[in-house]
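Participant: One-letter residues, chain by chain:
Number of protein chains: 2
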Amino acid sequence: MHFDCVAQFTKMLRNLDGWIEKGLAHAKAKSFDPSVLMTARLAPDQYNFIRQVQAACDAAKFAGSRLTGRDAPAFADTETTADEIRARIANTVAFLDGLTAADFEGAAERVVALPFIPGKGLAGRHYLAELAMPNFFFHVTTAYAILRHNGVDLGKIDYIGGLSLRDA
Amino acid sequence: MHFDCVAQFTKMLRNLDGWIEKGLAHAKAKSFDPSVLMTARLAPDQYNFIRQVQAACDAAKFAGSRLTGRDAPAFADTETTADEIRARIANTVAFLDGLTAADFEGAAERVVALPFIPGKGLAGRHYLAELAMPNFFFHVTTAYAILRHNGVDLGKIDYIGGLSLRDA
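For the record, the sequence lines run as chains A and B.
Residues in the first sequence are numbered consecutively from 1140, following the numbering used here.
Residues in the second sequence are numbered consecutively from 1140, following the numbering used here.
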C-alpha cells in the first residue's frame, strides 16, 4: 500500500509534466512569455507555480526517502524556467522509480522523525496519510489551479491520468 | 492502511469546515455577502466553491462506501449556503466515522466497479490510490485555493490539521 501511494506520486508528477507542456503550448498560441505562467500565483502570499512544483517534488521525494531510508537527490531550489522545473520533476520521478515494494517493508510502523518538530515523529502510515500525501496533493493541485486560472486548457483526465483498470 | 486513508478524509473534511468558518468571519469583517465566496471559482469553466465541496464529500463518501460495501447517504446537490454545505460535510463525516478498520478487511484486493466505465473496475488499493484520493484532494485543495484567492487568511496548518505525533 505504501508502495502504491508512492507510485501514485510518480504518476501525478508525470501528469504535472504534461500540464506544463500544455501551458507552454498555450503561451505559444497566445504569444506570451511562458515565464508568466511559471511565476503566476493565486494569492500574493502564496507560492508561485515554480515553487509549488518544487514543493510537490519535495513532498514526494521525502516520502520515498523517509519511508525507505534510501538517500534522495538534493536540489538547490534555483529553477526559474519550465525546462529547469521539468528536469526537477524528471529527477524526482527517477529517484522514486528506483524504489521497490521491498524497500517499503515495515515502513507502516517505522517511526519517521520530523526535522521541523525536534524529538517528534510519526509512524510511517501516519506520516504518509497525514502529511506526505496531503502536502503532495496540495502542491500539485495548486499548480494545476494556477494553470487553469490562467487559461490553460486542462481537464480532469489530465489530472487523474491512466487507471489500472480490470474487468468488473 | 485503507482505514487510515479514509480516516484522513474525515480529518480533511473537518479542516475544510474550519476554512468555511474562517471564510464567514472574513466576509463579516469585510462586510460582504458570504454567498460571494460560496459561488466563487478560479476559472469560468471550473466548479465553484460549493460544487468543489460537494465533490470532495462525494469522493470521500464513495471511497468509504465502495471499499466497504456499506450504504452511503444520498445527497441532492442542492446546497446554496454555507450552512447547507457545512451540513453536507457533517453528514459525510458522520457516515465515514461509522466505518471501522474491520469494514475495510479485504478491501485492498476486492474489485470496485466504476459506474462511469461499464464492465470495468479497479482493485480497492488502486481505486483508493489512483482515483479516490487524488479526486478528494483535488476538490478540497481547490476549495482552499478559492478561499485563499479571495483573501481568506488560511495557512498550511489550517490545511494539514493535527498530527498523530509520537516520540522519535
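The hints are simulated quantities; they were obtained by calculation from the structure and are not laboratory data.
Backbone N, C-alpha and C fix where the C-beta goes; we use that ideal spot for every residue, glycine too.
Fair warning: there could be bad hints in the mix.
Which stretches of chain B does chain A cover? Using the computed rule of at least three CB atoms under 8 Å from a CB of chain A, they are [to be verified]:
{"id": "1", "segment": "1143-1151"}
{"id": "2", "segment": "1155-1168"}
{"id": "3", "segment": "1211-1221"}
{"id": "4", "segment": "1229-1241"}
{"id": "5", "segment": "1278-1284"}
Far from chain A, some chain B residues (derived; all Cβ distances over 10 Å) [said to hold, decoys possible]:
{"id": "6", "residue": "Pro1173"}
{"id": "7", "residue": "Thr1178"}
{"id": "8", "residue": "Glu1269"}
{"id": "9", "residue": "Met1272"}
{"id": "10", "residue": "Arg1305"}
{"id": "11", "residue": "Asp1306"}
{"id": "12", "residue": "Ala1307"}
Participant: Please go over all the hints and tell whether each is borne out by the structure.
Facilitator: Here's how the hints hold up against the structure:
{"no.": "1", "hint": "1143-1151", "in the structure": "holds (count 6)"}
{"no.": "2", "hint": "1155-1168", "in the structure": "violated (count 0)"}
{"no.": "3", "hint": "1211-1221", "in the structure": "violated (count 0)"}
{"no.": "4", "hint": "1229-1241", "in the structure": "violated (count 0)"}
{"no.": "5", "hint": "1278-1284", "in the structure": "holds (count 4)"}
{"no.": "6", "hint": "Pro1173", "in the structure": "holds (19 Å)"}
{"no.": "7", "hint": "Thr1178", "in the structure": "holds (16 Å)"}
{"no.": "8", "hint": "Glu1269", "in the structure": "violated (5 Å)"}
{"no.": "9", "hint": "Met1272", "in the structure": "violated (7 Å)"}
{"no.": "10", "hint": "Arg1305", "in the structure": "violated (6 Å)"}
{"no.": "11", "hint": "Asp1306", "in the structure": "violated (7 Å)"}
{"no.": "12", "hint": "Ala1307", "in the structure": "violated (3 Å)"}
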